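Q: Listed here are the chains, written in short residue letters.
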Amino acid sequence: MLMSTTRKLAFVLALAWIASALAPAQAESQGAATVMLPKYQQECAACHIAYPAGMLPRASWTHMMGSLDKHFGTDASLDEASVREIGGWLNANAGTYKRVAEAPPQDRITQSAWFIRKHRELDAPVWRLASVKSAANCAACHTQAAEGNFKESSLKFPAGLEARYRRFWSD
Amino acid sequence: MKNTYLLALATVVWLVTLGNGAAAATPAEQLAGYSAQSGAPAQPARGQQLFNAKHGKEWSCASCHTATPTVDGKHASTGKVISPLAPAFNPTSFTDPAKTEKWFRRNCNDVMGRVCTADEKADVLAWLLTLKR
Numbered sequence: 001m002l003m004s005t006t007r008k009l010a011f012v013l014a015l016a017w018i019a020s021a022l023a024p025a026q027a028e029s030q031g032a033a034t035v036m037l038p039k040y041q042q043e044c045a046a047c048h049i050a051y052p053a054g055m056l057p058r059a060s061w062t063h064m065m066g067s068l069d070k071h072f073g074t075d076a077s078l079d080e081a082s083v084r085e086i087g088g089w090l091n092a093n094a095g096t097y098k099r100v101a102e103a104p105p106q107d108r109i110t111q112s113a114w115f116i117r118k119h120r121e122l123d124a125p126v127w128r129l130a131s132v133k134s135a136a137n138c139a140a141c142h143t144q145a146a147e148g149n150f151k152e153s154s155l156k157f158p159a160g161l162e163a164r165y166r167r168f169w170s171d
Numbered sequence: 001m002k003n004t005y006l007l008a009l010a011t012v013v014w015l016v017t018l019g020n021g022a023a024a025a026t027p028a029e030q031l032a033g034y035s036a037q038s039g040a041p042a043q044p045a046r047g048q049q050l051f052n053a054k055h056g057k058e059w060s061c062a063s064c065h066t067a068t069p070t071v072d073g074k075h076a077s078t079g080k081v082i083s084p085l086a087p088a089f090n091p092t093s094f095t096d097p098a099k100t101e102k103w104f105r106r107n108c109n110d111v112m113g114r115v116c117t118a119d120e121k122a123d124v125l126a127w128l129l130t131l132k133r
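Going line by line, the protein sequences match chains A and B.
Under this note's numbering, the residues of the first sequence are numbered 1 to 171, in order.
Under this note's numbering, the residues of the second sequence are numbered 1 to 133, in order.
Here chain A stands alone, though its shape is the one from the complex (with noise of 0.2 Å):
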């Protein structure tokens, strides 16, 4: 009545338009949805899930590349083709922000400052439990760590998580 129906179709589609190019701006600011190597994939989520790249900087991919055969007490040695694409490909995505510019110790993520901080509501005890088994086992709560979605809102309880956890859920 107001507007005409070609109007209409023009503002509908204009819409659409803003709100598809500002979907992947929104994956952006989620921070790990960078498009994963399927090699990293492939070869570094057998034991665990493949940890995105930027949650670690350049110098600690490249230690951890270097010595696989001594990963976090196993082996896990690679053929030198795959270390040279996977450790170039890692060195290419490595955390470069303030947060991640500090080689964690022994190259843990889990001994980040800003892990620490982020899971400081949580004592060793949640850690041992035997659903969650360690701070690397992220997919026990973090129910899309996999795809590198960390957001609060895809959390799960653990078996087992006492309830005086549960409070501090959402901060």
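What the hints contain is simulated information worked out from the structure, not anything from laboratory work.
Everything numeric in this text was worked out from a predicted model, so none of it was measured.
Even for Gly, the Cβ is constructed at its ideal location relative to N, Cα and C.
Mixed in with the good hints there might be a few duds.
Stated by the list, open to error - The list that follows gives simulated cross-link-like pairs (lysine-lysine, DSS-like), each with its CA atoms no further than 27 Å apart:
1) Lys80(B) <-> Lys156(A)
2) Lys70(A) <-> Lys99(B)
3) Lys80(B) <-> Lys99(B)
4) Lys133(A) <-> Lys2(B)
5) Lys133(A) <-> Lys156(A)
6) Lys70(A) <-> Lys57(B)
What the hints assert, rightly or not - Per label pair, the in silico range of CB-to-CB distance:
7) Trp127(A) <-> Thr130(B): 32 to 40 Å
8) Ala10(A) <-> Asp72(B): 33 to 41 Å
9) Val81(B) <-> Leu155(A): 28 to 36 Å
10) Ser154(A) <-> Arg46(B): 40 to 48 Å
11) Gly56(B) <-> Gly88(A): 32 to 40 Å
12) Ala113(A) <-> Gln43(B): 47 to 55 Å
13) Arg114(B) <-> Ala124(A): 32 to 40 Å
14) Thr70(B) <-> Ala81(A): 32 to 40 Å
What the hints assert, rightly or not - Listed next, the stretches of chain B that the computed footprint assigns to chain A, with coverage defined by at least 3 CB atoms under 8 Å from CB atoms of chain A:
15) 69 to 79
16) 96 to 106
The hints should help you fit chain B onto chain A, whose structure is shown.
A: For chain B alone, kept in the frame of chain A given last:
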């Protein structure tokens, strides 16, 4: 006589797969390969023993793969789910010789602190192949 024939057959199969670049091979073919390398028939019972024993270090094969790997295992440190090892319960198990070798190299080092011999690999694979539905 029969064993010699089988051994000869296994050797031929192994040589053929080597010639093909061994990009893909069935579990039986890989077993034939290891048996040919070891020069003796595989012993499943010995393979089961090896799999479940500790060898001077913290883990046994079973620590991650379970004592009878017809079900999902779990990584002893990370808790990550590991698909069943027994080929009858996992169609992708032991179908890529390069992958097989990679995991034997890593895991024998972790469990035993050394490389597994061809007859140890043959024994384990032979045992895994006995696990049927």
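Q: So, for every hint listed, does it hold in this structure?
A: Now the hints, each set against the structure:
With a CA separation close to 17 Å, the supplied pair Lys80(B) and Lys156(A) stays within the 27 Å bound. Proposed proximity of Lys70(A) and Lys99(B) is supported: the alpha carbons are some 19 Å apart, at most 27 Å. A C-alpha spacing of about 19 Å is found between Lys80(B) and Lys99(B), which places the hinted pair at or below 27 Å, so the restraint holds. Restraint check for Lys133(A) and Lys2(B): the C-alpha separation of about 51 Å exceeds 27 Å, so the hint is violated.
Distance hint between Lys133(A) and Lys156(A) is fulfilled; the C-alpha atoms sit about 15 Å from each other, no more than 27 Å. Straight-line distance between C-alpha atoms of Lys70(A) and Lys57(B) comes to about 15 Å, which keeps the hinted pair within the 27 Å bound. Judged by the Cβ atoms, the range 32 to 40 Å given for Trp127(A) and Thr130(B) holds: they are separated by roughly 39 Å. For Ala10(A) and Asp72(B), the Cβ-Cβ distance of about 55 Å falls outside the hinted range of 33 to 41 Å, so the restraint is violated.
Separated by about 20 Å at the C-beta atoms, Val81(B) and Leu155(A) break the suggested range of 28 to 36 Å. A hinted range of 40 to 48 Å holds for the C-beta pair Ser154(A) and Arg46(B), which are about 47 Å apart. Remark: the range hint 32 to 40 Å for Gly56(B) to Gly88(A) is upheld by a beta-carbon distance near 37 Å. Checking the proposed 47 to 55 Å range against Ala113(A) and Gln43(B) shows it holds: the Cβ atoms sit about 53 Å from each other.
Between Arg114(B) and Ala124(A) the beta carbons are some 35 Å apart, a value that agrees with the proposed interval 32 to 40 Å. Distance hint check: the CB atoms of Thr70(B) and Ala81(A) are about 34 Å apart, consistent with the given range 32 to 40 Å. Residue count for the segment 69 to 79 of chain B with a Cβ under 8 Å from a Cβ of chain A: 4. That meets the three needed, and the coverage hint holds. Under the rule that three or more residues need a Cβ within less than 8 Å of chain A, the assignment of the segment 96 to 106 of chain B holds, with 3 such residues.
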